[in-house]
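> Sequence:
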Amino acid sequence: MSAKLEAHFENRIYFFVIEKKEPNELTVNLYGTQYTFEKTDKGWMNKKGNRMNMVPGLIKAVVNTAYSL
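In the numbering used here, the protein residues as written are 1 to 69.
It is possible that part of the hints are untrue.
What the hints assert, rightly or not - Cut-off 27 Å, straight-line C-alpha distance, at most; resulting in silico cross-link-like pairs (DSSO-like, lysine-lysine):
| # | residue 1 | residue 2 |
| --- | --- | --- |
| 1 | K20 | K4 |
| 2 | K60 | K48 |
| 3 | K47 | K4 |
| 4 | K42 | K20 |
| 5 | K60 | K47 |
| 6 | K39 | K20 |
| 7 | K60 | K20 |
| 8 | K48 | K21 |
| 9 | K60 | K39 |
| 10 | K4 | K21 |
| 11 | K4 | K39 |
| 12 | K60 | K4 |
Stated by the list, open to error - DEER-style ranges, computed between Cβ atoms:
| # | residue 1 | residue 2 | range |
| --- | --- | --- | --- |
| 13 | L69 | Y31 | 18 to 24 Å |
| 14 | K60 | Q34 | 14 to 20 Å |
| 15 | K4 | D41 | 30 to 36 Å |
| 16 | P56 | E19 | 26 to 32 Å |
| 17 | I13 | D41 | 26 to 32 Å |
| 18 | R51 | E22 | 27 to 33 Å |
| 19 | K42 | K4 | 18 to 24 Å |
| 20 | K42 | A3 | 16 to 22 Å |
These are calculated hints, taken from the structure and not from any lab test. Idealized CB from N, CA, C, for every residue including glycine.
Make a model of the complete structure from these sequences and hints.
This is how it looks when you write it as structure tokens:
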């Protein structure tokens, strides 16, 4: 796991840790819940099978932070 990172969305700060980072797939742990996103022709989306889904705006903020490293 990597260091704790932060994403800013709707005047809030969300802390997360990257668990897996590939060009077309990102897995993070945000407050004890694992989220996996996949890059599609429509942009980054929740991967089917996630226990919980994240809203598109927060996905964008998390992905921007993760891939700006």
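> Confirm or reject each hint.
Structure-based check of each hint:
Using a Cα cut-off of 27 Å, the hinted pair K20 and K4 holds, with the two alpha carbons roughly 14 Å apart. Distance check on the hinted pair: K60 and K48 sit about 17 Å apart at the alpha-carbon level, within 27 Å; holds. A hinted pair counts as satisfied when its Cα atoms are at most 27 Å apart, and K47 with K4 qualifies at roughly 22 Å. A C-alpha spacing of about 21 Å is found between K42 and K20, which places the hinted pair at or below 27 Å, so the restraint holds.
Proposed proximity of K60 and K47 is supported: the alpha carbons are some 14 Å apart, at most 27 Å. Distance restraint check for K39 and K20: the Cα-Cα separation of roughly 14 Å lies within the 27 Å cut-off, and the hinted pair is therefore satisfied. Between K60 and K20 the alpha-carbon distance is near 17 Å, which keeps this suggested pair within the 27 Å criterion. Pair hint K48 plus K21 holds up; C-alpha atoms about 17 Å apart against a cutoff of 27 Å.
A hinted pair counts as satisfied when its Cα atoms are at most 27 Å apart, and K60 with K39 qualifies at roughly 11 Å. For the given pair, K4 sits about 14 Å from K21 by alpha-carbon distance, which is consistent with the 27 Å threshold. Taken as a hint, the K4 and K39 pair is honoured in the structure, with Cα atoms around 22 Å apart against an allowance of 27 Å. Note on K60 and K4: the hinted pairing holds, with a Cα-Cα distance of about 17 Å set against a maximum of 27 Å.
For L69 and Y31, the hinted distance range of 18 to 24 Å is satisfied, since their beta carbons lie about 20 Å from each other. Range check, K60 to Q34: Cβ separation about 19 Å, and the 14 to 20 Å hint holds. A beta carbon spacing of about 31 Å between K4 and D41 agrees with the range 30 to 36 Å that was offered as a hint. The supplied range of 26 to 32 Å is broken by P56 and E19, whose beta-carbon atoms lie about 21 Å from each other.
Range check, I13 to D41: about 30 Å between beta-carbon atoms, so the 26 to 32 Å window is met. Between R51 and E22 the C-beta distance comes to about 20 Å, which lies outside the given range of 27 to 33 Å. Distance hint for K42 and K4: a CB-CB separation of about 29 Å, inconsistent with the stated range 18 to 24 Å. The hint said 16 to 22 Å for the Cβ distance between K42 and A3, and at roughly 30 Å that hint is violated.
Of the hints listed earlier, those the structure fails to meet are numbers 16, 18, 19 and 20, in rising order.
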